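Visitor: These are the residues of each chain, in order.
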Amino acid sequence: MSIFNTLIEQLINGLTLGAIYALVALGYTMVYGILLMINFAHSEIFMMGAFVGCAVLTLCGALPAPLAMGLAVVGAMIVCGLAALGVEKLAYAPLRKASRLAPLISAIGVSIVLQNGFFLWRDDFLGFPNVIPERHFYFGPLHFSLIQLIILFSSLILMLGLWLFVNHTRFGQAIRACSQDREAAGLMGIPVNAMISLTFFIGASLGAAGGILYSLYYGSIKYNMGFVPGIKAFTAAVLGGIGNIPGAMVGGLILGMAESLGAAFLPQASWKDVFAFGILILVLVIRPSGLLGERTAEKV
Amino acid sequence: MKIFHRPSWSNLLLGLLIVFSILFPPFLLNSDYSYVLQLLVTVGLYMILAMGLNLVVGFLGLLDLGFMAFYAIGAYSMALLSCAGFGFWATLGLSVLLTMGFRLLLGAPVLRLRGDYLAIVTLGFGEITRIVLNNWDSLTQGPKGISLLTHPDVVPITFFGFHISNNLNFYYLTLFFVFVCATLSLRLKYSRIGRAWMAIREDEMAARLTGIQITRMKLIGFVISAGFAGIAGGIFARSQNFVTPESFTFWESVMLVAMVVIGGMGSVGGVLLGAAIVILVPEMLRSLLGSGFVSWRYFLFGLALVLIALYRPQGLWPNRRKIVELE
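Note that the protein sequences, when read in sequence, are chains A and B.
Be aware that the first sequence starts at 1, since it is given in the numbering used here, and climbs by one per residue.
Be aware that the second sequence starts at 1, since it is given in the numbering used here, and climbs by one per residue.
Isolated chain A (complex conformation) (with noise of 0.2 angstroms):
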């Protein structure tokens, strides 16, 4: 196989693992936008989201694929969003007025008491339902699984959808206005908290949905399945400009590529991550707000 023939396929490759990130790197983004907050939690619903979307085709097995598929996929977003719904209420809602560091705790405390919940009930490797068929689809030079084009697709239709809600709909506006400024858009009549709970829904369902991505990528799923996405998510959110949408897109795609083409290319693939998190540095100390993060002026 030619140097070529590896450069496209570890593309691919990286694009497909690129749009899981940036599936999960949105949910991260958007807490942070309205809340100023990193919510460690958010790996604990991406594994969430694999292991009901695992129930939910376990359950339908009769049924036929893409059905079952899509009620995986769309009962996971639910049950997740849902759930992040009631860690907000529960555990950060509370603290709106702390100090900072004081949430980070506590999204620590709930990421590991979800991790430990999952933990208690399965401690071993779950196989994934491998509802999709194997296939192959050749486009010229290009050559993707029919797991990777349902990947691609299916996160291109989720931020599609996302883009929409944010930027053409009333509520979409509301979000904008609370991270711009929760107390005025508060006193311009937004209801502020029912925008967080709306804000973190979303973020958490399509974390669940990249959960369930990323379990048919790689056929397996356990209690800590969501600690290494999670990070490279987070760290992706941070590359494109934590807070800012289209950056997570971006910043999952560049983190995907970067650790498939340095899986390809380095001498051993376990540097893959090194050379992923020197790109992050490297782009950080040239553009400090991150690749489409805005120039804020300082505050005085």
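These are computed hints drawn from the structure, not numbers from a lab.
Please read all numbers here as calculations on a predicted model, not as lab measurements.
Treat each hint with caution, since some may be false.
[Stated by the list, open to error] Some chain B residues near chain A, calculated using beta-carbon distances under 10 angstroms:
hint, residue
1, Leu65
2, Gly85
3, Leu118
4, Phe125
5, Asn134
6, Phe250
7, Ala258
8, Val261
9, Ile262
10, Met265
11, Phe301
12, Leu305
13, Val306
14, Arg312
Think of the CB as a built atom: it goes at the ideal place given N, C-alpha and C, for glycine as much as any other residue.
Given the structure of chain A, go ahead and fit chain B onto it with the hints provided.
Guide: Quick look at chain B alone, frame taken from chain A:
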């Protein structure tokens, strides 16, 4: 700065605790409790680490999510230099210097990053360090880690003629450095440097306008905090006689941040308390819950974290000075 500023119940308690922590451990030796001693060494090491992180998070107000990288650098320096045949104290000194050097090298280019951008860069450095240690086989032996064959004779102590094991040596060594670091932290807190740090934490712009050299002050904080990590790493490597990249994950860094925040950012006593709680609570739950429910302990620990954050958002032992300012 006076620790024993005026006689009060809290100072009396503190004194009793110090005497107790010096006198009690030998009684743990002759039974099955040697693991308690080991645990106490761990608590001490984390206290040193948390105090180091507190300089950055608590005093300077910068979130660092990769602090374990410097613990790792300290531990590996100790292991590698010991293998090269240096004596214990020389190695400890060199490890601390190396750790501080690395922090200077890694800290300088990223100091102009703000808030959470700095957090993610430190996270990145932490992960890079761990991955390098895990993969640079010719130097670090990768995931197998480095094991050291001999226990050094650190502090040869005879205690009323009893035979003193090495575990106890490390206990006293750790305790000694906990005191040294605590004193240093308190000294720093009320020094010009400490005041400058806190000014930066409260309002960087205003601090700059009063003539504080922001970058230099931040670098000083970074480097000293790395020195703490270097000490803890060095002792850790020697007390275990074994280092692997496993011990220095992102998760450990997060737990350190939890110790600082739970205890009370910027409060030295609070940070010591936070370290003790985060290490000891899961261990106590282990024996409390009985064999059937041991796997519940991290679940309960997570719940405890949430509850502490909710009911004591300032930490269990908040920084008194800050409260006074806010009133």
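Visitor: Of the numbered hints stated earlier in the document, which are not met by this structure?
Guide: Hint check: 2 fails alone, others pass.
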